[in-house]
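Take these sequences, add in the hints, and give me the full structure.
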Amino acid sequence: MVAGIEELSGASPNADPGQLVSDLMDGRVLPAELDDALLGLCADERALVSWKAYHVIGDTLKAGNQPLPLVTPQFVSKVRARIDLEIMSGGRSARQELEQRSAGRPDKAGRNRQADAANESLFLWRAVAGVAVFVAVGALAWSAIENPGLREGAQIAARSQGNPSSSLGSGGTVILRDPVLDEMLAAHRQVSGASALQMPAGFVRNAAFDSTHR
Amino acid sequence: MAFAALCGIFGAAQFSGGSRGPDQGVAAGPTIWKAFENSVHPLTIETPSPNLTDTDTRLVELAMAGDTRAFDLLVVKYERRIHRLIGRFVRDAELVEDIAQETFVRAWRALHQFRGDAQFYTWLYRIAVNTAKKSLMDLRRDPVVFESTLHKADEESETSSSQEEQSTQETPETEYAAREIARHVQKALDALPEDIRQAIVLREMEGLTYEEIAVAMNCPIGTVRSRIFRAREAISQQIRPLLESQGGKRW
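Chains as they are written, first to last, in this note's numbering: chain A, 9 to 222; chain B, -8 to 242.
Derived by calculation from the structure, the hints in this document are not laboratory data.
Some clues are possibly wrong.
Stated by the list, open to error - 25 Å max Cα-Cα, derived DSS-like pairs, lysine-lysine:
#1 A:Lys86 with B:Lys178
#2 A:Lys70 with B:Lys178
#3 A:Lys86 with B:Lys124
Now the structure itself:
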């Protein structure tokens, strides 16, 4: 085997930035020198250009006959702008958020980043929504305080009309009877063949209250 | 390719040794997504070779420490793969870019969840798929969404392939520029000396490690390293004017 760790790159300061990028792409930088190599890459504009060009070459070769999707040069800037905006609004990096979570003290900013509300940036709208909810709850509470016995009074009024009595029918079913209604029917000597809760039968034209058989 | 068969055993061994990405806990989506996930698992398409030093993991650590430049390097590295991945299901190029942006922003938010037990692209792949799923779900709820923004698996026929179609927002100029870059890369590759060309092809197209390339080409690893760098530099000289003409010198 011709492999050996001595063949790994020693990211020397005089090394060609392109060679450094090539080594970084293929993982040929010693772990102890990786940080210096990455810092050197970030600080060198030529190395950054090589980083992009070498990856375009690699992706193009891997793609074969199919051309790669052309990514706009502003794509990185757009992503960077959104991340910068989040950093400014959140005021903390992902590392700080991780430390917050591991400490068991999730703060407000961290929660907001997890579930961004549609009106996150509109404090005025949130304030209006809060006031509206407060007013609605207040109105309901006021109406309840203003008429505390409304439903109870209605029930008492219904009871005052007379309690319907119940009796057991022949089939063991419970039949509700209203004594006032019975009195009225007896007084007028009429009876209907149908229940009060049903539509009247069309073929019954007259009915008499047969008091002799009662 | 003559040496592709020679080194096929290396490639097969390498692809079989990967690890599956973490399950990000996404509910099962439409059938189209299941078919997609089964057909283009990251390990079967473009898995980087195992690195002696994991540059991606270190870049993630630096980004978590607040170095956004480190995260920029990851974006530059993976932006094309993510665009292509999303572009397989979304026809609208502007929508592809929006979803790709959202993918990287979500990845940045979730960097602390990347434990390094899987490769960064495998992790990013899951985020991209989940982000695209969510975006398409939102679009389907939108009554004014156009069906033409979605790719469907049964759209392709013998005479029509979605990969051959031009996206609605893709202009002939961008299509031409992409093909120009591919053409220049191929032209520069063909112009390389044989040993240098073999080294870069074995590395980039066959995915071999330096050690495997050294065995295949019967040369020291240092020579492999030098040849790969010289190949990259020579080809990049040909495509840099094209990259700069797209949008200035912004890397």
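Holds or violated: A:Lys86 to B:Lys124, with C-alpha atoms at most 25 Å apart
holds (22 Å)
Proposed proximity, B:Lys178 with A:Lys70 (alpha carbon, max 25 Å)
holds (15 Å)
Could you grab the alpha-carbon distance between A:Lys86 and B:Lys178 and see if it respects the 25 Å cut-off?
violated (32 Å)
Hint 1 from the list above is the single one not met by this structure.
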